[in-house]
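A.B. asks: Required output: the full structure, derived from the provided sequences and hints.
As given, the protein sequences belong to chains F and C, one line each in that order. Mapping to this note's numbering: the first sequence position 384 is 384, numbers consecutive. Mapping to this note's numbering: the second sequence position 104 is 104, numbers consecutive.
These are calculated hints, taken from the structure and not from any lab test. A quick note: this is a predicted structure, and the numbers were derived from the prediction, not measured. Just so you know, not all the hints are guaranteed correct.
[To be verified] According to the in silico footprint, chain F covers these stretches of chain C (three or more CB under 8 angstroms from chain F):
1) 23-29
2) 49-56
[Claimed, not checked] For each label pair, taking beta carbons as the anchor points, the in silico distance ranges come out as:
3) F:Arg466 <-> C:Ser132: 39 to 47 angstroms
4) F:Arg472 <-> C:Glu124: 36 to 44 angstroms
5) F:Asp630 <-> C:Ala212: 38 to 46 angstroms
6) F:Glu465 <-> C:Gly140: 42 to 50 angstroms
7) C:Glu202 <-> F:Ile496: 27 to 35 angstroms
8) F:Arg472 <-> C:Ala138: 52 to 60 angstroms
9) F:Asp760 <-> C:Asp110: 26 to 34 angstroms
10) C:Leu108 <-> F:Ile497: 36 to 44 angstroms
11) C:Gly128 <-> F:Asp760: 28 to 36 angstroms
12) C:Ala103 <-> F:His134: 20 to 28 angstroms
13) F:Gly629 <-> C:Leu108: 48 to 56 angstroms
14) C:Glu124 <-> F:Ile497: 35 to 43 angstroms
15) C:Pro100 <-> F:Arg472: 25 to 33 angstroms
No residue lacks a Cβ here, since even glycine has one placed at the ideal position from N, Cα and C.
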Amino acid sequence: MSEQISLFDGETAARLPEPFLRWFAERGWSPRAHQIELLARAQRGASVLLIAPTGAGKTLAGFLPSLTGLAARAPRKPGQAFRGVHTLYISPLKALAVDIERNLGKPVAEMGLPIAIETRTGDTPTHKRQRQKHVPPDILLTTPEQLALLIASADAERFFAGLRYVVFDELHSLVVSKRGHLLSLGLARLRRLAPDLQTIGLSATVADPDALRRWLVPQHPPGRMADRIAVEGGAKPEITILASDERVPWAGHSARYAVPELYQAIRRHNTTLLFVNTRSQAEILFQELWRVNEDGLPIALHHGSLDVGQRRKVEKAMADNALRAIVATSTLDLGIDWGDVDLVVHVGAPKGASRLAQRIGRSNHRMDEPSRAILVPANRFEVMECRAALEANYIGAQDTPPLLDGTLDVLAQHVLGAACAAPFSADALFDEIRTAAPYAALDRATFDKVVDFVATGGYALKSYERYARIRRTKDGLWRISHPRVAQQYRLNVGTIIEAPMLNVRYVRAGRGTASRGGPVLGKVEEYFLETLSPGDTFMFSGKVLRFEGIRENEAYVSNAAGSDAMVPSYAGGKFPLSSYLADQVRGIIADPARWQALPAQVADWLRLQRDKSVLPKRRDLLVETFPRGDRHYMIVYPFEGRLAHQTLSMLLTRRLERARAQPLGFVASEYALAIWGLRDMGGMIGSGRLSLAELFDEDMLGDDLEAWLAESWLLKRTFRACAVIAGLIEKRYPGQEKSGRQVTVSADLIYDVLRAHEPDHILLSATRADAAAGLLDIHRLGEMLSRIRGRIVHKHLERISPLAVPVMLEIGREPVTGEANDVLLSEAAGDLIEDAMGPT
Amino acid sequence: MNLAARPQDATSLADLNGEAAMLDHRGALFLPDHRLLVVSDLHLEKGSALARRGALMPPYDSAATLALLRELIEVYRPEIVISLGDSFHDGWGAARMPEPFRARLMALMDGREWFWVAGNHDPEPPAGLPGSTVREIAVGRLVFRHEPSRADAAGEVAGHLHPGARIVRRGRSVRRRCFATDGRRLVMPAFGAFTGMLNLRERVLWGLFEPARLHAYMLGRDRVYPIAGALLRPG
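C.D. replies: In structure tokens form, the structure reads like this:
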């Protein structure tokens, strides 16, 4: 025994209570330096951000201060006063909380510590939640939404009075969304309930760790930061780009060409995790792998739309090492331990260097051994993107997105929640909110507008005083006007707004919606199903399915094995290409010396482009024009991601229309955009009738943007999300739609009326801010336009250039949604006329 | 996306049981021979009705609906206006309407004959407003009532059902309010700014028409689009 104790240095022995030392010693383990350092800092009263790669024992490190603190605490005697939660653990995923309960429960039991650990998620039964309120566990594992509910309840003060630690897992992923904004406000509230609490953030490597350090502590005074402990990654991962003998396609996202080689790689490894960017890619890859799966290897599919039961089965098989390969989207992204993965394959564009690094971190949870990963580009541009990501990974470059200021819709939700918990004073709540990092810069006038919004809708026309949800009473405190308000709040809490989804139910073929239902396979977005006619086929849940029809909130489908499927056209990758990778790709194209690292066919393609047209310099913008068929094309290569390109295309099209270039349409890809029209745009530029400098002038982000936005479906969709989060309209639940439609007002109608009558309303400001940062990527577009000022290179060509081929292939494949609906109506009405003229 | 095609005409002329009828893309019917303008399901004060129950909708739906109605009145200069039922979202709507909006409505009514057809939301005459409240009214070869009758359809113009139609083209779905007619009966689209719609393929609507002759006149940005029943999709 004494020999084993010598595993520990003096500091370790001094920090760790006896049961911990014995537990480590019995296993021949010793705590890692960062685990002890975190403990030491926490014991000195600091909040800490721990940045460490997967497999570094982050979780244990995060809980050591709690566990040692709790071990030293006297056990609660019967009859002793109520004791609240000691440690709160927040994770982005329910599954992760459940996972931690298991992983933490084991050592705690083995050490014989009297510590109660419990989860509380949306799945926790009511009786258990009730019991938890009366007898809270020492450590509560939960999600941001559950925290919001807990602090909005009347007994929050008692429940959290003894709170010592809040542990945030996967902090880097929590903080980048509105979820993170709500969570930061929840944390501010917890700090008021328990002023001594300390925070511990666990994070993967990020570009700006100081932003996370600020997030963890009250911004009072502004700029305060938590301590930081960084663990260098163990062995560098071994990443390769698939060197295929096949031809890498010009365009597309399926990577079908690589399937035979991927299958061989799966055969050579124990367990392979194959990541893709979208569910439709997952479905295709899964199908293609089974097509060549001659050995009948157990290969599974996992994505967020599949039925929960099905997903749990796959996860369990994975944990039991019963699978050889699993095709997954980002639902498996986060730090859940999935057994012994010895190869990670990333199919398609990595989109960001940090994202790629985090995904590769999945493989091989022993941090001292290198992870193995293969990147599989689906097209030629992606080859360069993969190359750039690989190099970034080698030098450790990070391109995680910057944290955004807190949004006002989330603030409105929180203000209502605060009133549900207890009457509040506006002054005190304002001060509390400003301690949350995302809201540190909030001004009082805006805050007051938000309170006004929560109370009566915040309209200039003050006609709703008598319907106020919260009211200020004589004592100066705001309180809810009716218990019903709190009930409504609880039903609508959270910031995750999903597109309306329908269940996909399996039935016998050919009987339409008259069939009896079989099992539910999962959920698909309503907007996708709306485009299908009975008889159309699509891929889902690893099967080719025939659409039979919609009955209530379910889509009926039958087996269509053997047919060619029309694939679910889930909107491309959700994540745009990062600015960092975009810049690297431009760098590769501009520098022939770097082409040696590319496959020969890709290098040849770039050489051909240099000969036939021109290669843009790294900071330049290339614009090509050429005729094709009876149309004239303009191809622009900004490399700023599809979202920014779509916005740019819309704006350019408006301007070209004004310049009488008669544009007809456009298509945008991650790398380029193509606009076509009836007039020779190249000739117009050559003769000076069209000025590229004016066409790309930054002022397009002023009036043109405003005019276009007003009508844009993108803005309406964003408005709906803001209105739901802010509590103006209620969340839709499955099955409720039909009955609800008569009573509720659609978000589109509200948007139209509000925009016409009160364009400065706070929800519209929130919507515009959101759209600028998200769907439209206006910020990035602005940076690009300023970068390329005076650096636009125009090349007029006789025919299509090699670089233009990929985006030209997207034409017809990528419908631009939303706009020009009247044109479709006009066509349909035209059909009618043809119909009427033809023989009957 | 195709920016080239531009629709021309603003209204669609239809023969309705022998009467000339103009279907306006804003959702109104005009009978030139009678100088009669018909709108249905205004649902005025729906916003405040929802606000009473805790959903604080923008209080401007009446303003928006009345602004559109004024536009139509200025274009067609009708002598008679029929509001085909559910003019107010509930029985207290007229009393609840803010004074400036009430004044606007009175200005529109001034100098013309005005009929409030009783609807299921507003069976009683609107409080404090002029005009005649009727269960139904006949003009020429047409009869106007709020709910379509199950009996003889010839010449019936009704509202109540908020018809909407959906087509799918080139992988995209377009859903709009519409007039629905088979040449004998016409069901009007809902006119109110906050009114939803019910798909024409739903049984309660579909059953009202002779399927082979049914057309949806879908409301476009600046004209109505006649779409054959066979092209319409449920949902």
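A.B. asks: Taking the hints in turn, state whether each one holds.
C.D. replies: Now the hints, each set against the structure:
Evaluation of the coverage hint for the segment 23-29 of chain C: breached, as 0 residues show C-beta separations to chain F shorter than 8 angstroms, against a requirement of three. Check result for the segment 49-56 of chain C against chain F: holds, 6 residues qualifying (beta carbon to beta carbon below 8 angstroms, three or more required). The supplied range of 39 to 47 angstroms is broken by arginine 466 (chain F) and serine 132 (chain C), whose beta-carbon atoms lie about 32 angstroms from each other. Evaluation of the 36 to 44 angstroms hint for arginine 472 (chain F) and glutamate 124 (chain C) yields a pass: the beta carbon distance comes to about 37 angstroms.
Hint check: aspartate 630 (chain F) to alanine 212 (chain C), Cβ distance near 39 angstroms, so the stated range 38 to 46 angstroms holds. A C-beta distance of roughly 48 angstroms is found between glutamate 465 (chain F) and glycine 140 (chain C), which places it inside the suggested range of 42 to 50 angstroms. In this structure the supplied range 27 to 35 angstroms holds for glutamate 202 (chain C) paired with isoleucine 496 (chain F), their Cβ-Cβ distance being about 31 angstroms. For arginine 472 (chain F) and alanine 138 (chain C), the Cβ-Cβ distance of about 56 angstroms falls inside the hinted range of 52 to 60 angstroms, so the restraint holds.
Against the hinted window of 26 to 34 angstroms, the Cβ-Cβ separation of aspartate 760 (chain F) and aspartate 110 (chain C) comes to about 33 angstroms, which satisfies the hint. Checking the proposed 36 to 44 angstroms range against leucine 108 (chain C) and isoleucine 497 (chain F) shows it holds: the Cβ atoms sit about 39 angstroms from each other. The given range of 28 to 36 angstroms is respected by glycine 128 (chain C) and aspartate 760 (chain F), whose C-beta atoms sit roughly 33 angstroms from each other. In this structure the hint that alanine 103 (chain C) and histidine 134 (chain F) lie 20 to 28 angstroms apart at CB is violated, the actual value being about 59 angstroms.
The given range of 48 to 56 angstroms is respected by glycine 629 (chain F) and leucine 108 (chain C), whose C-beta atoms sit roughly 53 angstroms from each other. Between glutamate 124 (chain C) and isoleucine 497 (chain F) the beta carbons are some 40 angstroms apart, a value that agrees with the proposed interval 35 to 43 angstroms. Look at proline 100 (chain C) against arginine 472 (chain F): about 27 angstroms separates their beta carbons, and that is inside 25 to 33 angstroms.
Hint check: violations occur at hints 1, 3 and 12; the rest are consistent with the structure.
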